[in-house]
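There are 2 protein chains.
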Amino acid sequence: MALVVQKYGGTSVADIKRIENVARRVIKTKQAGNDVIVVLSAMAGETDRLINLAHQAAADPDSREYDALISTGEQVTVTLLSMVLNRLGYKARSFLSFQIKINTDRAHKKARITKVDTRKMREELKKGSVLVVAGFQGVDEENDITTLGRGGSDTSAVALAAALKADLCEIYTDVDGVYTTDPNIYDKARRLERISYDEMLEMARAGAKVLQPRSVEMAKKYEVPIYVKSSFSDEGGTLVTKEDKEMEKEVVSGVTYDRDQAKITVINVPDRPGIAARLFTPLAEHNIMVDMIIQNASVDGFTDLTFTVSRKDVKQAAVLVQEAANDIGAARVEIDDSVAKVSIIGVGMVSHSGVAAKMFTILAKEGINIEMISTSEIKISCVVKAKYTELAVMVLHDAFELEK
Amino acid sequence: MALVVQKYGGTSVADIKRIENVARRVIKTKQAGNDVIVVLSAMAGETDRLINLAHQAAADPDSREYDALISTGEQVTVTLLSMVLNRLGYKARSFLSFQIKINTDRAHKKARITKVDTRKMREELKKGSVLVVAGFQGVDEENDITTLGRGGSDTSAVALAAALKADLCEIYTDVDGVYTTDPNIYDKARRLERISYDEMLEMARAGAKVLQPRSVEMAKKYEVPIYVKSSFSDEGGTLVTKEDKEMEKEVVSGVTYDRDQAKITVINVPDRPGIAARLFTPLAEHNIMVDMIIQNASVDGFTDLTFTVSRKDVKQAAVLVQEAANDIGAARVEIDDSVAKVSIIGVGMVSHSGVAAKMFTILAKEGINIEMISTSEIKISCVVKAKYTELAVMVLHDAFELEK
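Going down the list, the sequences are from chains A and B.
For the first sequence, the working numbering gives the first residue as 1, with consecutive numbering after it.
For the second sequence, the working numbering gives the first residue as 1, with consecutive numbering after it.
The set of hints was computed from the structure by calculation and includes no laboratory data.
Fair warning: there could be bad hints in the mix.
Identical copies go unnamed one by one, so any copy, or any two together, can satisfy a pair.
Distance condition first, Cα-Cα at most 30 Å in a straight line; then the derived DSSO-like pairs of lysine-lysine [as the list claims (entries may be wrong)]:
(1) K312 with K17
(2) K365 with K315
(3) K242 with K115
(4) K315 with K115
(5) K101 with K120
(6) K109 with K220
(7) K365 with K30
(8) K110 with K221
(9) K385 with K315
(10) K404 with K188
(11) K365 with K126
(12) K30 with K242
(13) K101 with K165
(14) K220 with K28
(15) K209 with K385
(16) K365 with K115
(17) K220 with K120
(18) K127 with K165
(19) K120 with K109
(20) K404 with K115
Same shape as in the complex, but just chain A (with noise of 0.2 Å):
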């Protein structure tokens, strides 16, 4: 008999016909022998109808109160679907974090899990009932309400599974798996039959939306395996696991692309130690999160600073480096907002040369400027302007075969 925890997003249960078919789900688990967990978002729609509350209620509503009022969403889902698999013949008991226990740190709206305890869930799992999880939330040491982030309830699932040993961690969605693209973008995109962890966080990171990175952080590191699969569809499949041999070393297993970027620079920084504490302090300060960095080299002691933020947070962004630069003597401070940034993942570029190259290489040709390179063992990312997002996306993939 194995331990299954399976996560529903917020399509696969928009409705009660959806829940209906998410318990239809859930009983052929467990009618196959297995002990089942099921984790649920709430209703697509939902959570954006309570910021929408909470936005009303203040243009910056208070952070504890924000938490406690969105994960009513899920409170909703899992009371609902407990009833159709009681209903159903089959004993579903519904929990929020309180009452499992799953902590977290303090960090309101985009909190960690800290400790999941696992007593009370053994403890029903014996009973022979299915337990159908609130994801995206948690409780801190107060029993204050706090939530994960977009895309929290992929951790909640991960985070469980690792807790209990979860023989396998299934995460529904409204796509059947992992691509080599984006299908949306490219129809030449293929769907991968297994990835291993890193290229998966790689994806994650550079702006594939399937899995929160931090659901792909937690599982590495427990050796959770996850398969994301559609609730609407058996076909398909991704298993995302550990890096073995039998997997199919691709050099480039995936191209993904992310528009949420503007670019910032500051010229004529004058280089000395310090500089780039005062320009990067105040923007952590507002949870202002900088993606790629890039210094060019000192000519003269003085350099120029790149960096790239979230397009929302680019004009506070703007005013916060604006005031660094004065202070330090820099030149001036210019912005771009129309930049996205394109990535190559892939474990077989460690072992092969001249993958980087290649990527220049191709871009050059079709006449694509890049504005920023960062690299990683597994994945090499360029900064383009945005209007070639689509076009970077398409000869990338036909130049590294990923369509097979």
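Guided by the hints, dock chain B onto chain A, whose structure is given.
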């Protein structure tokens, strides 16, 4: 400095604009130098929306899940009011039952509060915060969410006031106090300045909808003064308090009616021990509340037994009673679901003979036949044909000079 508990009902928090109106009242009370605890219901209509979802999920939804579902309505309003108060510069924090610990028994949908932990609330009050507490809900010893039944937020407010020994419990609603009768039925209805717990209790039980009877019982037990007011006006109000010498000892202080009545008569019941138990036990087992019970004097060892139930229960009750009637050898069962109960209430009744006779005479003069009578020390109730409800209320209101 006084401690004031304020409860606002669903129409008072129906949208953000009304929640802002509530915030202004809270701030006014706070500025007058009081500590304030606010208890809220769900937005008007929200609980019904959630109940409808539950009934889409299952005809007879699991009651543990049902309570966890509908308790989200209050979670939404308490967080929104806290956001508004914080925005306006007043420290406010929302609290759910599990965070304070408001403990109840395990009777889902109609749980009773067993214990209120005051430690957390006192701590927060010391910090100068306004506490905004979700009404209508509690947690049982397993930390399962329970609800207190319709109007349960009144009971939540009184329970907090009692536990914290608050100076006053204000119940804000959409009417400006307690009236001698329903102003929608009779425009001569007069608002009462004061009313005793016992009278209020009889009124609530006899059909007046302004306060949940259990909240009045609890207020009486712990001597919590309740002030019933409108959240839409500064005028009016009725103080519900213990009887004292200064209180005007009206013979009759109010006329109430309850249309949710159906009459069941079991004809020719053999008059022997155990018969009543055989009739009423199945009803209790099916959670059917019996209101009035009348048994005629026995003639030749046979008697007729008449009682009333809520109209929504009459079909199920009829089946159960028919079974029992067959068992015990009664002649037949008669059902009449077009009756209503009209009651007069007043503490002065105890010391004034002839009040009942006067009531019967007045009804008779209008040709209203009395089908059942029941009395307590401070109340006389008559069951009459439903079509006479308004007429009975008006002639009794006139005869006992309630318009003053």
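Quiz item: Looking back at the hints listed earlier, which ones does the structure fail to meet?
Solution: The structure breaks hints 2, 4, 7, 11, 16, 20; every other hint is satisfied.
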